Amino acid sequence: MNTKCGRPEDLIITRIPVPPLCIRPSVVSELKSGTNEDDVTMKLTEIIFLNDVIQRHRASGAKMQMIMEDWDFLQLQCALYINSETSGIPLNMQPKKPTRGFVQRLKGKHGRFRGNLSGKRVDFSGRTVISPDPNLRIDQVGVPEHVAKILTYPERVTAHNLALMRRLVRNGCDVHPGANFLEQRGSGFKRYLRYGNREQLAQNLRLGDIVERHLMDGDVVLFNRQPSLHKLSIMAHMAKVLPHRTFRFNECVCTPYNADFDGDEMNLHLPQTEEARAEALVLMGTKANLVTPRNGEPLIAAIQDFITGGYLVTQKDVFFDRCKACQLASYLLAGKDVEMALQLPPPAIRKPMALWTGKQVFSMILRPSSKSNVLLSLRAKGKSYTKNEEMCVNDSYVLVRNSQLLAGSMDKGTMGSGSKNNIFYILLRDYGEQAAADAMWRLARIASFYIQNRGFSIGIGDVTPGTGLVRAKQELVNAGYSKCEEYIQQLKNGKLQAQAGCNEEETLEAVCLKELSVVRDHAGKACLRELHKTNSPLIMAVCGSKGSFINISQMIACVGQQAISGHRVPNGFEDRSLPHFERHDRSPQARGFVEDSFYSGLTPTEFFFHTMGGREGLVDTAVKTAETGYMQRRLVKSLEDLCSHYDMTVRNSCGDIVQFCYGADGLDPAAMEGKDDTPVDFGRVLELTRARLPCPNEASLDERTILHLNQEMLEKEEFQNCGESFRNALRDFVKGFAEKVGLTWKKHGIRGHKTKPRVLLQLDRLTVSQLQSFYDTCRGKYLRAVMDPATAVGAVCAQSIGEPATQMTLKTFHFAGVASMNITQGVPRIKEIINASKVISTPIITAALMHDTDPEYARQVKGRIEKTLLGEVSEYLEEVFLPDDCFLLIKLDLDRIRLLQLEVNAETVRYSIATSKVRVKTQNISVIGAALVMVRPSEKSKTSLYYSVQTLKEQLPHVVIRGIPTTSRAVIHADDSAGPPTRYRLLVEGDGLREVMATYGVCGTKTTSNNTAEVEKTLGIEAARSTIIREIGVTMESHGISVDRRHLMLLADLMTFRGEVLGITRHGLARMKESALMLASFERTADHLFDAAYYGQVDNVVGVSESIILGVPMGVGTGFFEVMHKVDWNVQKAPRSLVFDRDEFHINLNSVR
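Numbering (full-length UniProt numbering), first residue to last: 1 to 1153.
Hints are computed from structural coordinates only; laboratory data are not their basis. Since the model is a prediction, treat every value here as computed from it, not as a measurement. Built from N, CA and C at the ideal position, the CB exists for glycine as well. It is possible that part of the hints are untrue.
Straight-line Cα separation of at most 30 Å, BS3-like style, residue types lysine-lysine; simulated pairs [as the list claims (entries may be wrong)]: (1) K624 <-> K231; (2) K120 <-> K63; (3) K97 <-> K149; (4) K383 <-> K149; (5) K624 <-> K120; (6) K838 <-> K867; (7) K735 <-> K754; (8) K546 <-> K754; (9) K533 <-> K351; (10) K624 <-> K838; (11) K120 <-> K96.
So the derived label-pair ranges between C-beta atoms look like this [stated by the list, open to error]: (12) L399 <-> K747: 49 to 59 Å; (13) C1003 <-> H110: 54 to 64 Å; (14) D585 <-> L91: 55 to 65 Å.
Full structure from sequences and hints, please.
The following block contains the structure:
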């Protein structure tokens, strides 16, 4: 105990604190007379009453036993007063009805800590249903006038806004724009403007008065949709007051909020100070958050109708005459762009009439007139790209040069979210956020007007199959059925070859599932061939706006095989799935294959199987939400206070270093432009530079000059503050380009600037100015990508891992190359990793081999690793009883041992039995010949000889005679993805990394395990850290989710920076954090508070949770630094000396003498 603030006698309660009435209010009941008192009051009443009883008993001299009983009861009441869920109460003292003690008021989601301190209900907020409005810009939100009259903003009257404020005060509460309250300077109280003489108040307005005016157009508001899973779930918009009763915003902004318009509601908050408005607009504005910090991909981009409209407008066969082209272009003139100059490009076709292509109109979105300085360059392959770049037959290679769309039809890849080849993303990176936002708004207008006028609808005719399609589908289904019949027949005849690690039944299920799953995909491909290109569902699937080819094939051709947790439909009745089928029927129909389509309708059994598949999806979603929600909360609580500092380190609130440099290179994941988390996409920047700067009068450089300039530029002073990996990548890129130039010159015989014809010099042309500009652009982009100090990197990391986890499926098993090797995937796997579980559900060691091309060698090593029991390699094991002797005889199956390439003989078996847990003395085991081992039981006083023999007979088959006991089995995995020769490696199920690495024939330096605890025990903490990074990365990728590796590195570093692997659980958190308030706001509130009080802990209030609880600004982000005032120091002159201090005025006393 801390002696300064606590002594043991303080733990004995002699006085009880009575809280004031506001903590225990009494409720006057309407129904019966009297009041309903609070639980606390009731308990206090009981305690006083018991005290009185004890006093009376003592005064009247009652029995000691009665007084002791009262005493115990009083003790219990005092305990229940503090914590009403005290355990271990005797039955006779149990309270009649449960009450709420002080501990219950603090703990839990609705307790004081989480319900009233960490998160509160706030003022100046509104909530209503949302609806779409493509006419709003992406940074606007439409607010109903009804809401605007209630939400107010306190504006100070100045000389600039005096006239406006007077008008607002005159309008009062009921007319928008008006004002609700007026606070006169110095008076300290507010006047409600619904009553009183508003005209007089308006005339008497003075500078410095505060008018609480209605929300008006252009105010900054915060817009939020729950669940708020990442920072983009709350963003700042500009308000636009509109009639009607819903919040409206541009559909492009749906993705970050994950909103749809089927009745969702959203919240709106109005910041109350100028600082809050500025901070909201700069840091939280939609334009500042076009990309997600998870991996730098754009989130706010065209969706659904806009993609369809953009795709249809840019088809090869879309032409407009002058009226149509001008009409479409005129839709760009709206809002703040009404005055914008538009320039129609020259028509693509002049005769017989002037016609403009859709691609030309689309180019006006990017660059409305030649006054605009936006010159965009992009090359990107579309979804259905074939070959020959822009000569692709499907017109699916997008080529934009200097903001002109030259080839390709726009689709989701080049307009939608989640791709870095997006035109808006490139606008954002090259020309800033405003250019990207403007282009997005223009697209929203043009696409929605074009699709309205063209018409785009879907009907039953779109999903009616033709006769050819019906025939093709029937053939496919019949082929699939006959294949399955064949397999079933093979199984009956015992000719089905089992897959590695499966028995015949499992193999049949696996091959049938594989065969039948393909039927639907083939049917889908048949649909694509048959359907006309104007088919609406097909257009949507091709351009990526909604739906997929599988949806189309399910509607038109066949619904396909229903899978339940990765298998065909199991038996629901005895030996069959439904009573409509024969027993032991393994045919596709009886196992959940639906051959009808939604167009033709399903039979009752098919419908039932289909609902089984659907039910699984629903249950999965419900369970997943709860799991991921709790996981996200734990991640955020543990990472919230990590923040990057001015020395590039990442530290927690106590100042402990978690990373010496954020993500090992100090770059911001949101600013990554290239593939594989690199800050610059060099190829695109070079293309852009060459398009922007033609430099017609400069000579093109040859290979040698480029390499020389490359070396020279990178050694300059300004490149020294760029990271080493970036400089190397840039050097390698330019070197590769120079080699390409060398090959081109050689191939065409180019010899400097005298080459004829001159056009050859245009091939792979690069001039000095272009190269210089290329280097400057790359350096600028790198420096822009450096992580800002004070960024809350921890919170962003937690959101970047927690938010995608909600999109993962829950129970999926992924086959690690072999059908029988299950690896836990999805949410349970991520949960296992971040909990740092000692025992995981599917531990697998991947062992590399010394000679990885020889399958025989792999089998030998497998024999050394895999656990082999005596019972598995012995022909028989029998008791022999002779008149004077009894023993067990074990006969080894030498052929089987040779086949499995086990290094086992009778001597090694003898040694294994002697060293095993079976209680046999070594002298009692003897080897008879090559294949026989004799074991004699030793007679004990407790058991007879017969029982000893029987016990031995039971135990001996389970003796491990070869391999590592902790592993369950090993499977050889053949990897032929890299082409011949096939590489082999071992996948070992179970733990025992150290033993596997030490096995002869295994390459120990390349052997890994997916069990973090095992790796830490064997190889140390750094290896455990890289295992965490790798495992989370692999799990995310297998679900098609990309997360920047910097986030994974930060999480792994937090789990391992104390020198041991700490899980992100209540136990791990208590070892990572010191603050009692933070721990109390997480879990087990009362325990942490009691401990903190007992030990006299001091909380410095430096973390995020503590600051929120106490309502002080947190030390992260803009609260990280203090703003100092720069003082202009003018050195003051020395003060004049006073008359009394000057010697010449003093009388010289010496001279007087």
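Checklist entry - Going back to the hint list, which numbers does this structure go against? => result Of the numbered hints, 2, 3, 4, 8, 11 and 12 do not hold.
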